[in-house]
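Turn these sequences into a full structure, and let the hints steer you where they fit.
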Amino acid sequence: MELRHKEEMKLTISNLLANNKFACKNVLTFGHCNATEEMIDYLLNMGVTVSGILDNNKSKQGSEYKGIKIVPPQYIEKFNYENTSVLIATRFFEPMAAQLKELGYLGEIVKVVDYNSFAEYSVSDDTIKRKTERMIRGTETLKAIREQFPHHHLVICPNNALGDVYVACSYLPAYCDKKEIENIAIVVVDDGCRQIAEMFDIANVVTLDDTKMDEFVQAIIFNHEDNCIIAHHDRPYTDNIIKYIDKYFLSFTDCYKYAVFGLGKEIVPVKPSKIEQFDNKSNLLEGKSVIIAPYAKSVVQPSRSFWDKIVKDYQQIGFQVYTYVFGSEEPLVNTIPITIPLNQLIGAVEFAGHFVGLRSGLCDIVSTANCQKTVIMPDCFYSTTSIKIADFFALPGWEQIIV
Amino acid sequence: MTDARKFLQQNKCGLASCPNDASENTKGIAYFTNFEVEIMGQSVSLLIGWWQMDSLIKEIDLYRSRWITLRLEDYDFVLLLPSDDVQLNDQIKAAFERKLKGRRGAVVEGEVARELLKLYELYEFSGKVIIGSFDQPYGRKLRNLLDCGIADAETLINDVILGAL
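Read top to bottom, the protein sequences are chains F and Z. Under the working numbering, the first residue of the first sequence carries the number 1, and numbering increases by one thereafter. Under the working numbering, the first residue of the second sequence carries the number 1, and numbering increases by one thereafter.
Among the hints, a few may not be true.
Unchecked claim - Below 30 Å or equal to it, Euclidean Cα-Cα: the simulated DSBU-like pairs (lysine-lysine) are:
| id | chain 1 | residue 1 | chain 2 | residue 2 |
| --- | --- | --- | --- | --- |
| 1 | F | 78 | Z | 128 |
| 2 | F | 179 | Z | 118 |
| 3 | Z | 99 | F | 243 |
| 4 | Z | 128 | F | 129 |
To be verified - Which bits of chain F does chain Z cover? Going by a derived footprint, with three or more residues having C-beta under 8 Å, they are:
| id | region |
| --- | --- |
| 5 | 123–134 |
| 6 | 231–242 |
I should point out that these hints are in silico values taken from the structure, not numbers from a laboratory. Built from N, CA and C at the ideal position, the CB exists for glycine as well.
Here's what the structure looks like:
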């Protein structure tokens, strides 16, 4: 969960607590994912008991998180709706709320985090007005970008996700060749994604924040903006490729190759060409250091004890252990925090000798590095599919630990 | 150039900023200061903005009225067929009816389908809407899977377009 979403989640729950909304109530959550786990952690810390995690995914049902059972949504029928609250912290709030209502549930449903500004199951005056204003704001952003890049092909990476931007950029030369595109401008969210685009020597990069990006993407769709591509397999709501992935399987990289860019089987992704030399300001020991990247936005986190063991194992064989941190992220216990510009990361892990990462975009960035690489794959499912994270985000040639 | 300035220029509103060296060639023409032009430009911008918003709201209201008057919310699934490709529409329609299995489904075709699609392109206003197309709503890329030989049309219709059923 991104920091801003975490803050939003905490604020929503704090407001509910302040208004005594959980008093004498059964609290359930809907959708088992990383964000739900973080929400449950916070609820438990605040002394709120969670009675169950509703989830449609049959393969998740029966297992549990912190002693809280994952159950089918029909479980809600056991509860008196007047004394029940269902908290939802996923981007599927609208369909989940609709499903609960279909099941006859009339109790409180709380959108804890507003992940998905594209969906709102209502055609009320207020909704129409807000969505129209939102699209108009997006159109203004589009106009401003078009003034700067009137004839460029706009490649829009709608998510603040390093791995998505990395894979998209790796197939862009082939896509441009196929479509005979001479000039491109890439539109991304936040600075990290900009750095990735620059690693692929893309000169024209526009950076938007999440809200502006959503508005901009909606304007692209509504206005049928020509000469552009929304480079994602699952966002926004207009594509439904995830249904194909679920049934027939495509890996993360193949989603981009086939579904997003429509490229042939023979196409291979390019490597980033604008890599900086590692400046080693942190004095890593060459070949005797390990950089651990324990954080990921979208996958369930392993326990602290899991990381403690990895740290201990490396220290026992004489390695210096570093935690790659960004922003407010905490280093693992007994490790040295390190922050490296993304364009130096390949050099850094090659210099260190070892890289261990929870599956995240950082793994994509160092995927071409020549060193010992270990990926930690949580034993869970990708999005709404029944495909394991380890299969969807597979990294051939890496040592893999499934937890 | 701002929208207002473009609008003024396109509609020959006769505004011009006062040149520094007004010569005899400019005699008889009323000039405005840059400040006045800017103020008028901003006013026109506001008017255009209001007019655009107003006409857009009316247009979207028309699309919404289709959804309401056809009472489409009462159905479990609403299939929109915005394309004129009769063969494809028939194929999707047949699969839709086959997959409904007792649930209530509505099929909307032609201009009304295109109007509702426009509303859907403004935001996802209902979870019941299914768009029967490989390329629409705008931005959908299902045809890529066809073109690169990964999937056939039948698979995409049954498992992706109608995947919610």
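>> Next pair to validate is residue 128 of chain Z with residue 129 of chain F; report whether the Cα-Cα distance is within 30 Å.
In response: holds, 21 Å
>> So if I understand the rule, the pair passes when the alpha-carbon distance is 30 Å or less; does residue 78 of chain F with residue 128 of chain Z pass?
In response: Distance of about 27 Å is within 30 Å: holds.
>> Against the 30 Å threshold, does the CA-CA distance of residue 99 of chain Z and residue 243 of chain F hold or violate the hint?
In response: holds, 16 Å
> In terms of beta carbon proximity below 8 Å, does the region 231–242 of chain F have 3 or more residues touching chain Z?
Replying inline: holds (count 6)
>> Check the hint pairing residue 179 of chain F with residue 118 of chain Z against an upper bound of 30 Å on the C-alpha distance.
In response: Judged against 30 Å, a Cα distance of about 27 Å means the pair holds.
> Against chain Z, does the region 123–134 of chain F show at least 3 residues with beta-carbon separation below 8 Å?
Replying inline: It holds: at least three residues are needed, and the region 123–134 of chain F offers 8 whose Cβ sits within less than 8 Å of chain Z.
In the structure shown, no violation is registered for any of the earlier numbered hints.
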